[in-house]
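K.L.:
Residues per chain are reported as follows:
Number of protein chains: 2
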Amino acid sequence: MKILVASTNRGKIREIADILSSADVTIFTPDQIVITVDVQEDGATFEENALKKAAAYRDVAEMSALADDSGLCVDALDGAPGVMSARFAGPNASDADNIERLLKAMHKMQNRKARFVCVVALALTSGELITAQGDYPGLITEAPMGSGGFGYDPVFYDPTTGKTFAELCQEEKNRVSHRKRALIALREKLQNQGYIKP
Amino acid sequence: MKILVASTNRGKIREIADILSSADVTIFTPDQIVITVDVQEDGATFEENALKKAAAYRDVAEMSALADDSGLCVDALDGAPGVMSARFAGPNASDADNIERLLKAMHKMQNRKARFVCVVALALTSGELITAQGDYPGLITEAPMGSGGFGYDPVFYDPTTGKTFAELCQEEKNRVSHRKRALIALREKLQNQGYIKP
Numbered sequence: 001m002k003i004l005v006a007s008t009n010r011g012k013i014r015e016i017a018d019i020l021s022s023a024d025v026t027i028f029t030p031d032q033i034v035i036t037v038d039v040q041e042d043g044a045t046f047e048e049n050a051l052k053k054a055a056a057y058r059d060v061a062e063m064s065a066l067a068d069d070s071g072l073c074v075d076a077l078d079g080a081p082g083v084m085s086a087r088f089a090g091p092n093a094s095d096a097d098n099i100e101r102l103l104k105a106m107h108k109m110q111n112r113k114a115r116f117v118c119v120v121a122l123a124l125t126s127g128e129l130i131t132a133q134g135d136y137p138g139l140i141t142e143a144p145m146g147s148g149g150f151g152y153d154p155v156f157y158d159p160t161t162g163k164t165f166a167e168l169c170q171e172e173k174n175r176v177s178h179r180k181r182a183l184i185a186l187r188e189k190l191q192n193q194g195y196i197k198p
Numbered sequence: 001m002k003i004l005v006a007s008t009n010r011g012k013i014r015e016i017a018d019i020l021s022s023a024d025v026t027i028f029t030p031d032q033i034v035i036t037v038d039v040q041e042d043g044a045t046f047e048e049n050a051l052k053k054a055a056a057y058r059d060v061a062e063m064s065a066l067a068d069d070s071g072l073c074v075d076a077l078d079g080a081p082g083v084m085s086a087r088f089a090g091p092n093a094s095d096a097d098n099i100e101r102l103l104k105a106m107h108k109m110q111n112r113k114a115r116f117v118c119v120v121a122l123a124l125t126s127g128e129l130i131t132a133q134g135d136y137p138g139l140i141t142e143a144p145m146g147s148g149g150f151g152y153d154p155v156f157y158d159p160t161t162g163k164t165f166a167e168l169c170q171e172e173k174n175r176v177s178h179r180k181r182a183l184i185a186l187r188e189k190l191q192n193q194g195y196i197k198p
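Protein sequence lines, in the order shown, are assigned to chains A and B. Residues 1 to 198, numbered by the numbering used here, are exactly what the first sequence covers, in order. Residues 1 to 198, numbered by the numbering used here, are exactly what the second sequence covers, in order.
Each hint should be verified, as a subset may be incorrect.
Covered by chain B, per the in silico footprint, the following chain A stretches (three or more residues, Cβ under 8 Å) [claimed, not checked]:
no., segment
1, 11-18
2, 27-37
3, 79-90
4, 142-153
Think of the hints as simulated: they come from the structure by calculation, not from any bench. Bear in mind that the values here come from a model prediction, so they are computed numbers and not experimental data. Ideal Cβ placement from N, Cα and C applies to all residues, glycine included.
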C-alpha cells in the first residue's frame, strides 16, 4: 500500500514513517508526487482543449500553467481530423490506423493542402488566459514515406524541404515546428502585454 | 514569471524552455511542483479536519493519503481549546497568547486534567476512510515551565516523567506522543482489516 503523508513537516513525516513503514506500506511525501491532472481533451477546438488543460494544472499547482493542443487540419476535409487527430480511426487508434483512414478519406482528391496546427494556452494565476496559434502548411501524400516522427508525419509533405516530416531529422523538424511558431507568437503577446521584457 | 508546463514529454518541455525561458520567465515541470492543498481546518472535530485534509490530498495525488489533526482538550473547559487550540486567543495568536488565555480561563480552577489528542485519518483511493485517535493525559500547570517544544507544551505537565512537555527532550516526548498513539491505533486497524500484514 502506498500512503501519501499530507504534511511537509519533516519531524511528523519521520514519526509516521517509523510507525507505519513496513513491507506492505511505502510512505510518500508531497515532494515525491508528480502532479498529474486528468483532463478530458473533449473540446471542439484546439484552443478549448489547451485552455482546459492549462487551467486545470494552474488550479492544482497554484502557478501559471502552459498547455498545448495540436493536430492536423486538411482543407478538403473541412479541417478534419483536427481535434480528432489522435483518434481519427477510433478511440484507441494507432498512428497507422489514423493514416489509413486519412488516405482513404482523401482517395483521388486533388486538393491535398493541409496544416499542422498547434494552440498554446497560458492560464495565469490572476485568472487571465492567453492563447496563441502556430500553423505549418504542407501537402498530404498519396502514401506514407519515411520512418521518423510520429502521428501523421509520414504523409505530411513539406514543400520547403521536399520531404515528408517522417523523412526529416529532429533538428530539421524542430525548425519548422508548428508548436515553435505558437510559442513564438505567445512570447510576442507576453512582450506586447508587458508580462515579459522584449 | 513562473510557468508550469502541463506536460511530462521531455522533448516538448525542452522546446518550450528554449523559446520562453528568459530573465523574466522560469519554466517549471510537474515533477518540480510540491503538492500543496489548501484545506480550511474549520471542522467541529479533530476527525473532521483530518478527514478533510486526507481526502483533499488523496483527490489531488490520486493516492491514499494520511493526515492528522491534534490539539489540547481540558476537562474543566468541556474539551476546549480542542480544534481551536492553535487559534484559542485569536486567528493569528502566538503560542504565548494561547497559553495566557488558557491560564486565565483556568484561574483558581481545581480540576487541572487535560489531554493532548491526535486523530489520524487515512483516505484510501477506494473511497474508504479510516481514522484512529491517540490521547495523552496530563495536568495544566499554574504557570509555564521549560523552554522546549511548542504550543501548550510549557503548561502541560506529564505525571509519568514529572515534567512539563517543554522540559522533555525530543526523544522523551516522542515516547509519549499522542500522534504516535494514534498511528499505532491506525496500524492495528489496518492489520485487523487485512490492509497490511500483522
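K.L.:
Are 3 or more residues of the segment 142-153 of chain A near chain B, judged by a Cβ distance of less than 8 Å?
P.N.:
violated (count 0)
K.L.:
Residue count check for the segment 11-18 of chain A against chain B: does it reach three with CB-CB under 8 Å?
P.N.:
holds (count 3)
K.L.:
Count the residues of the segment 27-37 of chain A with a beta-carbon closer than 8 Å to any beta-carbon of chain B: does the count reach three?
P.N.:
Satisfied; 8 residues make the cut.
K.L.:
Residue count check for the segment 79-90 of chain A against chain B: does it reach three with CB-CB under 8 Å?
P.N.:
violated (count 0)
Taken one by one, the earlier hints fail for this structure at numbers 3 and 4, listed in ascending order.
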